[in-house]
Amino acid sequence: MNLFTFIYIVGIFIILNLFQGFTNISLENQLIYSSIFILLIGIPHGAIDHVLFLKKREMPKLKFYSIYLGLSIIFVVLWHILPTISLVFFLLISAFHFGESQFADVLFNKIYRFTFYFFWGLCLLSSLIYYNITELHEITSYFDDTIILEKIYDKEKIGIFFYSTNFITILSIIALLLKNKIDKERLLSELFLLFLIHITFFLFPFIIGFTLYFTALHSLKVMNDEFKYLKKENINFTIFNFLKLLAPYSILSIFGTTLLLFLSYYNYIPYSIPFLAIVIISVITLPHAIVMNIFYNE
Amino acid sequence: MLLEITKMNPNDYIGFTFFLGYMAMAAAAVFFFIERGSVDPKWKMSLLVSGLITGIAAVHYFYMRDYYLATGDNPTFFRYVDWTLTVPLMCVEFYLLTKAAGATKSLLWKLIFASTWMLVCGYIGEAFNPAIESGIPSDGTTHSVMWGVLSTLGYLYILHAVWLGEVAQLADKSNSDVVKRGVKTLAWFVLVGWAIYPIGYMCMDGGWLNTYLEWSSKNVDLWYNIADVINKIGFGLVVYYIAITESKK
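For the protein sequence lines, the chains are A and B, in the order given. Residue numbering for the first sequence follows our numbering, starting at 1 and increasing by one per position. Residue numbering for the second sequence follows our numbering, starting at 299 and increasing by one per position.
One should not assume that every hint holds.
[Said to hold, decoys possible] Take a look, some chain B residues computed to stay more than 10 Å from chain A by CB distance: (1) Glu333; (2) Thr369; (3) Tyr378; (4) Val390; (5) Ile410; (6) Thr414; (7) Lys482; (8) Glu544; (9) Ser545.
[As the list claims (entries may be wrong)] Below, computed lysine-lysine pairings styled on PhoX-like, alpha-carbon distance capped at 20 Å: (10) B:Lys397 to B:Lys478; (11) A:Lys184 to B:Lys478; (12) A:Lys231 to A:Lys244; (13) B:Lys397 to B:Lys482; (14) A:Lys184 to B:Lys482; (15) B:Lys471 to B:Lys403.
Simulated from the structure, these hints should not be mistaken for lab results. Glycine included, C-beta positions come from ideal geometry on N, C-alpha and C.
Input sequences plus hints: build the corresponding full structure.
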């Protein structure tokens, strides 16, 4: 078990005790508290993409930002035109990105790696959706702009996806052991972690389950990888330096996101908060996932 | 007591596991005490502790079995008495295994304190729950959550120590691969095996798993019995394996 799994377990106990005390936490409160964690921990993990990319590349900053933001803008347009396809695309990118961050340290051939990352991430996301499908239907059917996304939450199709991706993922992890890419200890840890993730997604509401995974197991872990990389480049690099580096774009993103959500809340823009939240997260995920793929490949 | 029992219901799995638990623990205790003679002097203490853990548990299971058969109730009182003695002894095992790598008495006391804290808080949360007297599950919520949180702090300290903290670091420093693997295996017991106990705590009347998943605290005795047997005997067998392997070197 690593530090992030431990933090995840601590998170599970905290939430279990919260539910013990407050049997029902309203959706609004779930959104508020989850947003705080996602903004404070989730957003910052992508706030130094420019540093990671440009550290060993001779590319003008303007060109980098143009491409980075350009991809986001294209994705925004796609959301406007084809929201369902955009959601599927977002889930696929996220799946790959989650799988990559979990197994980036394991060395195996490119094609197998690519498919393995996808399946691990898809296993995770399909489980999240499968265990909370009724709740997702309730949330998405409530708003005019999210109702169109309901097509994805077909219980039967999600069920097939859930069982198949979990089966393939578990077999693939075992295959890594048989190919001596991981040891028995790692196999046990990964299978136990998958089990924990399943328990969490099953017991907790969608937003809480996702936030716990995203902050504890993904964002904190990625930030740790980023810090270790920067520390290797400069031995005097400290946590304080790292936080200073994360701060500018984190604050900008937090401010921008909060502003957009407020505008939605007070109906200044014609999109619901859940829809806006998905769009915002997805448009920053696309360029971020590309940068992180390059980062991990190095 | 036994003379009064004329028939055991074949569907009484809880009763079955009480009997099984009592005999399995007693047999394990005898085994560990006898096997002390087969290991090097430096490992005798570890096997003695394993024998004490299972021996104490055997005596308590003897009483718990009779209490359950007489009343049909959860023998909460006896369980916590048993755990308050045996769980700190399990923590002592971690100290004994890592002593050669530099474990100090300070580590020993910290682990004993954390485990005792965990159990005393859990006992107060479970046995002195206001809901027991009033019969209204929600009356006990604040009490059980507060003591549950306090108890969990002790558990998390031990979990951290054996996976990431002092115990794990000492095991890594050890010259013996057997000790390293053994401590890791025991750490899995703490992570997976001991998880049954907070789950059981949340199954008591008014607890979240009781209200949300409708898991009854009546069934939890079955899982406690199975978990206790696996955790205590399994724990001891891992220690035995380390002792016997190191002694053969």
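The hints, checked one at a time:
no. : hint                 : in the structure
1   : Glu333               : holds (27 Å)
2   : Thr369               : holds (27 Å)
3   : Tyr378               : holds (19 Å)
4   : Val390               : holds (22 Å)
5   : Ile410               : holds (22 Å)
6   : Thr414               : holds (19 Å)
7   : Lys482               : violated (7 Å)
8   : Glu544               : holds (20 Å)
9   : Ser545               : holds (25 Å)
10  : B:Lys397 to B:Lys478 : holds (12 Å)
11  : A:Lys184 to B:Lys478 : holds (14 Å)
12  : A:Lys231 to A:Lys244 : holds (14 Å)
13  : B:Lys397 to B:Lys482 : holds (15 Å)
14  : A:Lys184 to B:Lys482 : holds (12 Å)
15  : B:Lys471 to B:Lys403 : holds (17 Å)
The structure is inconsistent with hint 7 alone, although it conforms to all the rest.
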